[in-house]
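K.L.:
Chain residues, written in single-letter form:
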Amino acid sequence: MSHKIALETPLMHAYGQFSHQQYRANSEVTRGELGFCVVIKELPLCSQLNIRGDAACQNFTSGIQQVLGIELPTEPGCWHFSAEHSLYWLGPDEWLLVSQGPSPDLEAKLRAALSGHISLVDVAGGQSILNLRGAAPALAILLKKSSVYDFGGWSDAVDGRGRCAQTTFAKASAVVANRPDGSFDLVVRRSLADYIGRWILDAGREFGCRIEG
Amino acid sequence: MTKTSQINRLSAHVCASARTDTSVIINFTYNGRALQGVAGDTLASALLANGVNVVGRSFKYGRPRGIVGHGAEEPNAIMQIGSGAATVPNLKATQVELYEGLESASVNGWPSVDFDLMSIAGWFSRLMPPGFYYKTFMYPAKLWMTYEHFIRKAAGLGRSPVEEDPDCYDKLNQHADVLVIGAGPAGLMAALEAAYAGARVIIVDEQAEFGGSLLASTQRIDGQTAAAWVDDTVAQLRTFSNLQMLPRSTAFGYYDHNFVGILERRSDHLGLCASAGSRQRMHRVRAKRVVLATGAFERPLVFSHNDIPGVMQASSVSTYVNRYGVAPGNQMLLFTCNDSAYQTALDWHRSGRTVVAIVDSRSTPNGEIMAAVAEQGIEVMLGHAVIEARGSKRVKSALVAPINAQGSRLVGAVTRIACDLIACSGGWSPAIHLSSHTGAKPQWDAAIVGFRPGSSLQQERSAGSCRGTYRLSDCLTEGADVGAQAAQLAGFGDAKRLFALPHIEEYGEHPQQALFLVPHTKRSSRAPSQFVDMQLDVTAGSIAIAVAEGFDSIEHVKRYTALGFGTDQGKLGNINGMAILAAALDQDIANVGTTIFRPAYTPTTFGAIAGRDIGGLFDPERHTAAHHWHVRQGAVFEDVGQWKRPWYFPRSTASGSVETIRAAVDRECLAVRNSVGILDASTLGKIDIQGPDAAEFVTRMYTNSYLKLAAGKCRYGVMLKEDGMIFDDGVCACLGDNHYLMFTTTGGAAGVLAWLELWQQTEWPELQVYFTSVTDHWSTATISGPNARRVLAKVCDDIDLDKNAFGFMDWRDCTVAGVGARVFRISFTGELSYEINVPAHYGRHVWETLMAAGEEFDITPYGTESMHVLRAEKGFIIVGQDTDGSMTPADMNMDWVVGRNKVFSFIGKRSLYRSDALRADRKQLVGLKTLRRSEILPEGAQIVFDPQQSIPMSMQGHVTSSYYSANLGHSIALAVIKGGLSRMGQVVHCPLADGRTLAAEIVSSVFYDPKGVRQHVA
Amino acid sequence: MLLIHCPHCREDREEEEFSYGGEAHIVRPLAPESLTDEAWGDYLFFRKNPRGIHHEMWYHGTGCRRYFYATRNTLTYAILETYCVGEKPLVSASIVSTAL
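Protein chains in written order, with my numbering: chain A, 127 to 339; chain B, 1254 to 2271; chain C, 463 to 562.
Keep in mind that the hints were calculated from the coordinates and are not lab data.
Please note that a few of the clues may not be correct.
Below, a list of computed lysine-lysine pairs in the DSSO-like style, where the Cα atoms sit at most 27 Å apart [what the hints assert, rightly or not]:
no. : chain 1 : residue 1 : chain 2 : residue 2
1   : A       : K297      : B       : K1897
2   : B       : K2056     : B       : K2264
3   : C       : K510      : B       : K2162
4   : B       : K1974     : B       : K2127
5   : B       : K2231     : B       : K2127
6   : B       : K1961     : B       : K2056
7   : B       : K1961     : B       : K1974
8   : A       : K167      : B       : K1897
9   : B       : K2155     : B       : K1966
10  : B       : K1966     : B       : K2047
11  : B       : K1974     : C       : K510
12  : A       : K130      : B       : K2047
Let the hints inform the model, and build the full structure from the sequences given.
P.N.:
See the structure below:
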């Protein structure tokens, strides 16, 4: 039996939606004529694993490094990344691993490399990564509108490492991380992606804001 | 320029210091009259420029009132601005910036401010003593609504728009090292020093321009005008990238841990247009240190008829002259008990209008400014007081008399002096409101005749006149010092001042006199009204009456007389009121104490408090992967927690109308029992559990045991709180060695995860187990009904679906519709059911594939309402509907789920043996069948055994779930009834609010397929 | 609105990221079955309600999902310390009262 399998990312329905100060529902202004200072881009589907383990255990940290080629961030509020993998600190014994492209055997590789009390859980279907980029004041103000967290207190991200925080976003929550190019990634729950997309469009209306896939 | 209406506008060459631009005319209306102001005006300065005397009527007596102040303290000029949806009530004219086309109207005065019916009540003012409303309108209670309507109309509290607010509002979460509140001399210096030290600084001021009192000052700083110094300093501040300036922003509340609420008015000064940006923005600022530089309010003097239009604050008169170029009158009499107000006489004199005299209550003042006044030939009457103003809608004269050195009684004859403006100054009161919000108790300081901020309970310091520091040079020094210290305490700099302080020419001052109540020839209770709180018509006499009636605490007197209860919160009246009370009680002010100011400092709009969390963004909506499919099918949604779940799927009928909920649910329920239905069950909470102690941990949390549950198997469990009451339920599956998947109720997911974490982290950290939420990862389509297996077989060919190979309460990994899936053979309908879980990106695809595969069986999507009916037919409980946090498993007739022989005392077990849990008369879950089969009991209906008993009846239980069952052809209900399980077959009664009493028979809670054979069909 | 230092995230975070977990350091009886109704009731229902220093649990639900303890003054709302499960508080009511 063969099936054509259709994949749907959480925010797919909102691609192309936009908000703008000048725009009114019945106006003649078309999207192309408007400037957008903030852009939300939903990143393509990728594999995501929730990792639990003991950061004090040498075997655990070196096993992660060996399989992924990047060091496990044990400093709170940090994320490490390579071209292929990103590791976000979520808690003292919890990390999120995001890997580009499908890597079906990654979990098995990690399990083989790690021993002791660990947990690996596939959460790829449950969350989406939204990249938020924009002009400096607009992006900073949008974040201030959306979260109680003090992103202004962060040092800039550099190649291979940046800051991240799990915090409130609108009335939901998100993992927020900064990137070396000045943009921010939001890891949001799938079920809340519609809400967060609508929130950002509304909050970003004064700057002009649109959603891309 | 045309100045036809602006009789009090000073020409620019007379008043060079004015910040207004007389070349830009602004048209506005006031009570329908077309008037003109100029750029830079407030509504108040424009009204005064036009010679408008009466701007409102008083709350209680309907007396005409004029503009008294120039800022947040203004008690009288309360306006309705704009009309229609965007109208705003109760704005102070002194704080409304004028814009082209502004529409304004007095809020009080009915039918109009110039002829106010209520002023007739003023003739009977002795009939309206303090507590009048309490005494008169208290009884009968039923008439309160009528009275209130009358009072509101007469009192005029403005009109709230009934239309939807067309404006946008938002909120900004801000973080600062140093927050400076107030941009007067002290605030500007504090911000400058803190920013220079490198701190992240936010400086806010409620006015459009920074500078505070300096904007109206004629003092020279470093040889230049004060305004020029302000311009230079603001320009300097602008160079700091680490400093944010927020003009038109009011810090309205100071909350715990240095959290300050600030309302920024972004477009109010541009007009009442709905802009795409935000009209107002709430800044929620968390600051490491706060500098309060909120200034001071001049205190009014309390004398008879001090409320007649034309009696104004001396500093306000100076502000109108110097800053706005408006002279609100012609013949000014200045009444003061201190040196600072002498400046007003000099300002007025310079404007070219007449200073009739200065009346100074002090007998022998010798401040340096007196020489300056004498130089201008202004007459000064020492040891005198204005005891009464005369006039009706405008001051015409003042009664002046000599008083003794204590200011307590008159010592000579009364003379009458003609004038049309009485400028008054009773000294200054520090604006300690924000300091008060922190819980700091204000301290009376006789030296400054005012309350200073109490010792700080937060990370804040006050600087400048809000601390009782009044000399300009001292304010600048103190501001700079406090700013540098704040920065240092936040981790920047070394607390040393970096900027040279400017040179200022100042007069040496003579001490002020404490004069809170000006004596009259008659005592207060007999004298013409001496107003203390103008907005609420509280007089010195009414405070005396309150004391005579036995009130001796300021908090009680406040409430009894309404002192300080207006929208101005007694900014002008409170100190005089307390002092008058203290005198009446023969106590010190320090003993009587002040009332504690609470947020908000000035009224704050609800729109700004709500921000963007309105309409569709009021609460987060969670959507399942198939949500957009449901929407397209016309599903009606129900909120379950934050989730949007399809409630039912109405179809269009042949006639074009849409099915009722009853018709849709009947159809959906019949389809499930007779063929196959499909439910979106993605919202159920799912928690992945891994670790060597996973089985032990899960067994401690549920009432039953999971130690021997094999991989590939599931079990239904109930979770109790430690008090033995049911808290959540669901299926838990063993996925493999040390690996479980726990399902929770939709609404309970977050609570259960936190509950598991609580026990593992704080009580049993030695148990090695990790929990991870996978609720969003899986999309779940449940197919249920006798044809469910046939549907699944069409889209899943890699496992044996035979009922013995894939048995009830088994789960399998397999491929459904080409997607790796996990299928559970569990059932909440009592029919053969498969819960098909796939990663959510495939959810919509799998759902649509199942719909296509089920087409030949007329597969029917069903919603939560049908799910509820179907499970009730089987007697399955819903936690939170049939339980309410006071139900044990035994109460639910579910003893079978409790593993009493488990080794570990699972959570809640001990409580099941408490004497209360063993009572025979506990409410127990039973079924109810109405005697008339079509009658449906209302959920929540109370149950009695004898409907003939007298009221109040003895209630024996209540209905928890109730539906019409299309499958059974009659209504069914679940109920909890005292001792219900031993009352099978008895008839009970539900007396309803509409007078009917429905009778029902107690039956088993399992209505359908009691042996449970249908979930095993071949 | 409190500002709470999460000992795991090692940052001050806003109160809305947390939920309150009640009194800290209540140990579950090892053998509940051996307790009288009254003793079990004491464990279940009775909590301190001090005016002043209180040790309490907080859950960083919109953050690292860890429970931790805080020593808070119920009078001023000042949080004097936060510490991890397994650690002992440095501040206690007796220390504070002698300091006063």
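K.L.:
Provide an ascending list of the numbers of those earlier hints which the structure does not satisfy.
P.N.:
When the structure is compared with the hints, none of them turns out to be violated.
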